[in-house]
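2 protein chains.
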Amino acid sequence: MHNDSVGIVTPQVARFDVPFTLASGVTLPGFELVFETYGILNATASNAVLICHALSGNHHVAGFHAATESVPGWWDNMIGPGKPIDTRRFYVICCNNLGGCHGSTGPSSFNPSTGKPFGSSFPLVTVEDWVRTQAMLADHLGIECFAAVVGGSLGGMQVLAWSYLFPDRINHALVIAAASKLTAQNIGFNDVARQAILSDPDFHGGDYYQYGVVPARGLKLARMLGHITYLSDDVMGSRFGRLLQNGGISFGFGVEFEVESYLRYQGEKFSSIFDANTYLLMTRALDYFDPAHLHGNDLSLAFSRVRARTLVVSFTSDWRFSPERSREIVKALLDNRVDVSYAEITADYGHDAFLLEDPHYHALIRIYMQHITFGNDDGTPGL
Amino acid sequence: MHNDSVGIVTPQVARFDVPFTLASGVTLPGFELVFETYGILNATASNAVLICHALSGNHHVAGFHAATESVPGWWDNMIGPGKPIDTRRFYVICCNNLGGCHGSTGPSSFNPSTGKPFGSSFPLVTVEDWVRTQAMLADHLGIECFAAVVGGSLGGMQVLAWSYLFPDRINHALVIAAASKLTAQNIGFNDVARQAILSDPDFHGGDYYQYGVVPARGLKLARMLGHITYLSDDVMGSRFGRLLQNGGISFGFGVEFEVESYLRYQGEKFSSIFDANTYLLMTRALDYFDPAHLHGNDLSLAFSRVRARTLVVSFTSDWRFSPERSREIVKALLDNRVDVSYAEITADYGHDAFLLEDPHYHALIRIYMQHITFGNDDGTPGL
Numbered sequence: 001m002h003n004d005s006v007g008i009v010t011p012q013v014a015r016f017d018v019p020f021t022l023a024s025g026v027t028l029p030g031f032e033l034v035f036e037t038y039g040i041l042n043a044t045a046s047n048a049v050l051i052c053h054a055l056s057g058n059h060h061v062a063g064f065h066a067a068t069e070s071v072p073g074w075w076d077n078m079i080g081p082g083k084p085i086d087t088r089r090f091y092v093i094c095c096n097n098l099g100g101c102h103g104s105t106g107p108s109s110f111n112p113s114t115g116k117p118f119g120s121s122f123p124l125v126t127v128e129d130w131v132r133t134q135a136m137l138a139d140h141l142g143i144e145c146f147a148a149v150v151g152g153s154l155g156g157m158q159v160l161a162w163s164y165l166f167p168d169r170i171n172h173a174l175v176i177a178a179a180s181k182l183t184a185q186n187i188g189f190n191d192v193a194r195q196a197i198l199s200d201p202d203f204h205g206g207d208y209y210q211y212g213v214v215p216a217r218g219l220k221l222a223r224m225l226g227h228i229t230y231l232s233d234d235v236m237g238s239r240f241g242r243l244l245q246n247g248g249i250s251f252g253f254g255v256e257f258e259v260e261s262y263l264r265y266q267g268e269k270f271s272s273i274f275d276a277n278t279y280l281l282m283t284r285a286l287d288y289f290d291p292a293h294l295h296g297n298d299l300s301l302a303f304s305r306v307r308a309r310t311l312v313v314s315f316t317s318d319w320r321f322s323p324e325r326s327r328e329i330v331k332a333l334l335d336n337r338v339d340v341s342y343a344e345i346t347a348d349y350g351h352d353a354f355l356l357e358d359p360h361y362h363a364l365i366r367i368y369m370q371h372i373t374f375g376n377d378d379g380t381p382g383l
Numbered sequence: 001m002h003n004d005s006v007g008i009v010t011p012q013v014a015r016f017d018v019p020f021t022l023a024s025g026v027t028l029p030g031f032e033l034v035f036e037t038y039g040i041l042n043a044t045a046s047n048a049v050l051i052c053h054a055l056s057g058n059h060h061v062a063g064f065h066a067a068t069e070s071v072p073g074w075w076d077n078m079i080g081p082g083k084p085i086d087t088r089r090f091y092v093i094c095c096n097n098l099g100g101c102h103g104s105t106g107p108s109s110f111n112p113s114t115g116k117p118f119g120s121s122f123p124l125v126t127v128e129d130w131v132r133t134q135a136m137l138a139d140h141l142g143i144e145c146f147a148a149v150v151g152g153s154l155g156g157m158q159v160l161a162w163s164y165l166f167p168d169r170i171n172h173a174l175v176i177a178a179a180s181k182l183t184a185q186n187i188g189f190n191d192v193a194r195q196a197i198l199s200d201p202d203f204h205g206g207d208y209y210q211y212g213v214v215p216a217r218g219l220k221l222a223r224m225l226g227h228i229t230y231l232s233d234d235v236m237g238s239r240f241g242r243l244l245q246n247g248g249i250s251f252g253f254g255v256e257f258e259v260e261s262y263l264r265y266q267g268e269k270f271s272s273i274f275d276a277n278t279y280l281l282m283t284r285a286l287d288y289f290d291p292a293h294l295h296g297n298d299l300s301l302a303f304s305r306v307r308a309r310t311l312v313v314s315f316t317s318d319w320r321f322s323p324e325r326s327r328e329i330v331k332a333l334l335d336n337r338v339d340v341s342y343a344e345i346t347a348d349y350g351h352d353a354f355l356l357e358d359p360h361y362h363a364l365i366r367i368y369m370q371h372i373t374f375g376n377d378d379g380t381p382g383l
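Keeping their order, the protein sequence lines are chains U and E. Numbered per the numbering used here, the first sequence spans residues 1 to 383. Numbered per the numbering used here, the second sequence spans residues 1 to 383.
Hints were generated in silico from the structure; no laboratory data involved. Remember, it's a predicted structure, so these values are computed and weren't measured experimentally. For glycine and all other residues, C-beta sits at the position ideal for the given N, C-alpha and C. Don't take each hint at face value.
For the chain E half of the interface with chain U, some residues (derived, Cβ under 7 Å), not all of them [what the hints assert, rightly or not]:
#, residue
1, Ser24
2, Thr27
3, Ala184
4, Ile187
5, Gln195
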């Protein structure tokens with residue numbers, strides 16, 4: 001474990017025993033959120049940074065759950081002492097979103113009123129629903145206003161929603177590799193992924209838990225497809241090209257090309273650790289997110305309450321959430337005279353670039369975070 | 001039926017009762033090819049044009065099988081009296097490729113030696129295998145040399161193979177929306193499609209015929225995914241955008257967005273008319289095609305025997321087989337001093353553009369075909 005790791009971390013659970021009405025109109029009698037925190041909250045509770053996770057992410061952003069683990073949290077390269085989001089200055093929080101499958105209340109959770117997992121009875125949730133529950137978690141932790149809310153991809157959508165839902169509770173917004181809405185192509189990919197799960201005979205209408213099976217075939221296909229769209233054509237070319245596993249072709253449908261091996265492995269692995277109902281729910285939240293929709297498709301109008309200073313970051317080779325989508329966000333923020341900075345990072349990794357340790361990208365986040373001041377903070381590490 | 005239609009056409013069958021050894025080393029004792037012809041073969045058999053079909057195509061390129069039909073063959077806008085490939089001058093042939101599911105010998109055909117459909121025992125075939133069987137069909141029809149061989153996508157790969165396998169039997173090559181090999185991304189998409197079929201419980205290892213089922217779920221997913229990649233992001237945006245079927249969202253996984261409706265409909269339709277084993281086989285032929293591979297990855301060397309004058313056409317918005325792939329072909333042909341013309345058509349329809357009636361594209365094919373001379377032909381319509 002390196003000096004710049006947050007080290008061993010322990011998830012916590014916050015329970016909310018109050019009825020919560022979702023955008024769909026469904027009311028949950030209560031729910032739990034599992035979360036992790038790194039760093040120390042200062043006396044004025046003004047140094048808190050909220051991380052919002054993406055489709056397959058969770059609350060375990062940095063560090064390790066045990067000394068024996070070799071793989072840290074999913075954004076460990078970004079968060080830690082001395083890292084771009086420096087835990088010597090900031091108190092960093094991330095929760096597994098409502099509907100998730102890593103400890104927060106979701107489709108695979110036990111439903112006390114039936115004595116069975118929620119399964120198909122778990123309601124769909126929206127990006128705005130997540131942000132409202134995150135605000136409840138902030139209340140629970142005594143945080144009135146975040147120094148920054150940060151997220152990539154679907155996480156970036158949550159950051160946008162924070163900006164317009166709670167303009168007084170967010171000082172800085174870091175919106176990375178995001179979009180203000182999915183394109184038809186994005187929705188199409190999501191629907192193929194969903195159909196793969198929904199049509200898997202082991203799906204059982206979403207109530208597979210009680211059959212002792214999981215729709216692993218469908219979830220594997222969904223993840224394979226996702227992976228192709230997270231990478232650029234170029235990086236797939238340079239990483240795999242047309243390399244053959246065994247040097248020659250075998251005239252069959254087994255694994256022959258390296259890229260097949262990679263995708264199938266990723267699909268298999270994911271299908272053994274992720275819940276299919278959560279995957280369905282997360283993709284639908286992606287599809288539905290469209291803040292301009294309720295404002296005559298005018299994104300500038302949708303952002304009229306936004307006050308947070310904002311950094312928007314995109315990656316040149318990201319064809320899932322292309323730089324054009326980020327520029328739409330920037331334009332709508334500028335229309336509202338929001339203090340916004342925009343960086344288009346030259347990177348060949350596609351959408352996945354936001355998770356990787358690109359020096360230019362990390363230097364940018366580092367310096368942006370260094371310039372965030374709060375309370376009596378003088379900008380130097382340590383509290 | 002318009003004056004420029006080839007009218008009512010009748011498929012014919014050619015039977016080859018000779019052992020045919022495939023690239024895989026497997027020998028078929030014999031096979032049948034179903035084909036159609038339009039126009040009249042001239043006395044010197046010098047006005048023949050071969051059309052090579054793509055992944056989901058077949059021999060029925062133009063005209064109608066019955067006066068009651070409303071949908072003509074798949075490239076009817078290109079082929080007919082007065083059309084770009086003018087059947088008043090040319091004798092046009094297209095066969096369903098070996099391994100197909102529209103009448104040529106393939107996985108769903110009856111295997112006389114077992115009394116059952118071939119199913120999983122049908123061997124994989126390559127682009128070069130197809131071209132060799134097409135040459136046998138040409139022999140059968142008394143055609144020593146084609147005035148032109150024409151194809152788009154996987155069909156364009158066959159045109160390339162014609163050029164280097166039978167340089168003396170092809171005067172003009174029209175290579176449209178093609179590539180000399182798939183990229184890792186292409187192979188990845190194909191593998192997701194194949195895994196969808198292979199993992200469908202109704203697939204039964206490829207021998208589903210005897211169970212009275214078809215792997216329709218898998219084939220539907222494969223086709224949905226295919227459709228996304230055949231269209232550009234822009235054209236999906238302009239055709240479907242984020243339009244909702246019923247005006248609002250319903251918080252479920254049914255059809256809500258127009259694009260979902262379109263993709264599911266296309267998937268359903270295809271899965272009811274196409275054979276899954278043929279789909280698997282066709283995608284593997286796509287993956288395997290790589291003429292440079294046996295020549296030290298030197299495409300120019302692979303094309304060293306090519307003599308046919310060549311027209312290469314690509315479409316700006318085609319991200320499945322991008323213009324860059326076509327330019328690689330042009331470069332390798334120029335290295336061999338082949339007489340090659342290249343056109344990059346500005347079109348927003350993506351890969352599907354090659355099937356559509358773009359005025360610029362059709363004018364180009366028309367004028368190119370008009371300049372093809374043969375035997376005693378003076379270039380005017382009629383023989």
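Okay, the hints, checked on the actual structure:
1. Here the hint on Ser24/E is kept, as its CB sits about 4 Å from the closest CB of chain U, short of 7 Å.
2. For Thr27/E, the suggested interface contact is broken, since its CB lies about 13 Å from the closest CB of chain U, more than 7 Å.
3. Nearest Cβ of chain U to the Cβ of Ala184/E: about 4 Å, under the 7 Å cut. The hint holds.
4. A distance limit of 7 Å between C-beta atoms decides the matter here; for Ile187/E the minimum to chain U is near 5 Å, and the interface restraint holds.
5. With a least beta-carbon distance of about 6 Å to chain U, the hint placing Gln195/E at the interface is held under the 7 Å criterion.
The structure fails to meet hint 2 from the earlier list, while all remaining hints are met.
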